[in-house]
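Novice: One-letter residues, chain by chain:
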Amino acid sequence: MFTQTVTIQNEQGFHVRPAQLFSEKAGQFGGEVRLKTNEGRSADGKSMLELMTLGIEQGAVVTIEANGDGEQEVVEALIQLVESKFGEA
Amino acid sequence: MNRLDIQGIGVSEGVRIAKAYIYKSSVGASGESSPEGNYIPDTSAAVQDELHKLREAKAGCAEQMEKLIEKAKEAVGEEQAGILAGHRKLLDDPAFYPKMEARIREKLETAPRAVAEVVNQVASMIEGMSNDYMKERATDIRDIGGRLLACLSPGQSQGLAGITEPVILVADDLTPSDTVQLDPALVVGFITRTGGATSHTAILARSLGIAAVVGAGDGIDGIGDGDLLVLDGSAGLCIARPEAAEAEQHRLRMQQDLERRQSLEDYTARPAVTADGTRVELAANIGSAAEAEAAVRQGADGVGLFRTEFLFMNATAMPGEEEQFRAYQEAARLMVGRPVIIRTMDIGGDKELPYLQLPKETNPFLGYRAIRVGLVRQELLRTQLRAVLRASAFGGVKVMFPMISGLQEWRQARSILAEVQGELREEGVPFDEKMEVGIMVEIPSTAVLAGLFADEVDFFSIGTNDLVQYTVAADRMNEHVSHLYDYFHPAVLQLIRTVIDASHKVGKWTGMCGSMAGDPLAAPLLLGLGLDEWSMEAGRLSSIKERLEGLDRAECRDLAERILRLDTPQAVRQELEAFCGATIPC
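Same order as they appear, the protein sequences are chains S and G.
The first sequence begins at -10 in my numbering and counts up by one.
The second sequence begins at 5 in my numbering and counts up by one.
There may be inaccurate statements among the hints.
With the C-beta cut set under 10 Å, the calculated list includes, among others, these residues of chain S facing chain G [stated by the list, open to error]: (1) Gln1; (2) Val5; (3) Ser12; (4) Gly16; (5) Gly19; (6) Lys35; (7) Met37; (8) Leu38; (9) Leu40.
Read the hints as simulated data drawn from the structure, not as lab findings.
Small disclaimer: the values here were computed from a predicted structure and weren't measured.
In this text, a Cβ means the ideal position worked out from N, Cα and C, and glycines have one as well.
If we strip away everything but chain S, and leave its shape as in the complex, we get (with noise of 0.2 Å):
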């Protein structure tokens, strides 16, 4: 198991499209991934539906967690993913 936290730095936090971006990348994946907040709830990774309903907001820091083939090397794309602020301005 690989994890790693990130701080969510986007404005508008974990809404629709960033959930998307997440799970699509994460469904790539073979093994399991999951990603937590500090208090304690955590999202399937490869479901936008339950991302989005974390509702995750600016400033939260989450951690990615991954289990399986390659489990380092999916978080730290999905950590890259969360600091380019998912491609908005």
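Here the structure of chain S is known, so what remains is to put chain G in place on it, guided by the hints.
Specialist: Same frame as chain S, now just chain G:
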């Protein structure tokens, strides 16, 4: 079954004859499938059987959606198709479909029940979120749920994707998202139980060129699936199961109507130019970003009126800055640099917003509405102006304030705008520093003082619908006085001239966004008066272009001079009809 006449409100013109297609649009009543049908027997065969049904439905639904996406790409462009593609992805979401299978296995629910439960659960979770933009996604979930249910019981409620030949839709109501998905080649008309002439769906139907009758009430219960229907969108009439001779006659009318539309379509591609070579700027009135695309296809040079209130009226809570920004930015993007005039919200009066809790009024048209609300509930106006300004960084956005009755209101609105601009500047948020700011001229006091306003505003946009009713003090919806309501009233024409002249005197411009701008009979007069920008429902653009091509500006100026000396609306009409008959056949 016998022939049946059904009277409703005609909201989008055109005569169409086709088979009825009964359409149930949403998953609204979903959970209430018959109680005995909610559970399956506790045997592995029954579970397998139910799972099989659900899988089949999902596969069918996926296939339908993929076809719809392809269709949408051609019909409405990549953007709308992208929305559908997003819906399609939700179908594969691990928090959606697998939960339905789980409910069948674990709770022995029937497939429709499992679908409805999961849809309601997910949708209400989304609805409970604080972010306005996300809340809207609940509609998407219900949309997909509706599709799945339709696939599960194909006999009862049919989705739009099942339409393979031209039909007339029969529905309780159509949501704007239903309407925007309609393919005008297959859905040639629709009739609904509820709805009114100003509903978003009606306006969308006009921009798509689909004949439509709304508010038909229980009359639609007399229509059976597959019945032959004649729909007359001008008269608001629908005839179910017409007699053979009658059907033939209407088929002929439909043919003529379609031919005329075809010939008008030739005009969409070319700019509006008069016989003497004057280029006229024709724009479209829209109520949503999606309509901007239809407007471009129908040959609009820009958007002369973006009625933002639809954005508010279709929501359950006040749309936030981000959501508004997306809508305005989208319209600006679709118009690729062409002008998009955004009117700040014209709510209140007859347009109620439950979440604003505005008081009921006995005389709403003379009451608390539009800018009058915006200047009191300033947080609403400021949020909207921030969104408009941010969108201005993406194209030809302009803004105008509705229902301005005097200079003090205009100055107050303008200074709020200046404050918001200051905020954005401080925050480093980009916007168009040169964005034009104008006002709607729809109250006679403002038309009379146009000369004073002209020094301060960048442009005027004459809203004839309200200007006429305020000038002659007649409500056109009131049958006892509607004969008084006429934009050819000499007093209205004087006001229009005053406004246009006042703007030209100081090098500014005047547009018109009321229904007069889309009336071919008024075209020579408006051209003669020097109207700069004509904004109308997109469906009217071709008729006006056709009309303008036959007009000479100098002749029209003389005509306008003559008309402004006439003393009654009837005399004005006669003069215009005579002129029209003398220049071109109409």
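Novice: Now look at each hint and say whether the structure bears it out.
Specialist: So, going through the hints one by one against the coordinates:
1. Gln1: holds (6 Å)
2. Val5: holds (6 Å)
3. Ser12: holds (7 Å)
4. Gly16: At 9 Å from the nearest chain G Cβ, Gly16 (chain S) passes the 10 Å test, so the hint holds.
5. Gly19: violated (14 Å)
6. Lys35: holds (5 Å)
7. Met37: holds (6 Å)
8. Leu38: holds (4 Å)
9. Leu40: holds (9 Å)
Of the numbered hints stated above, the single one contradicted by the structure is hint 5.
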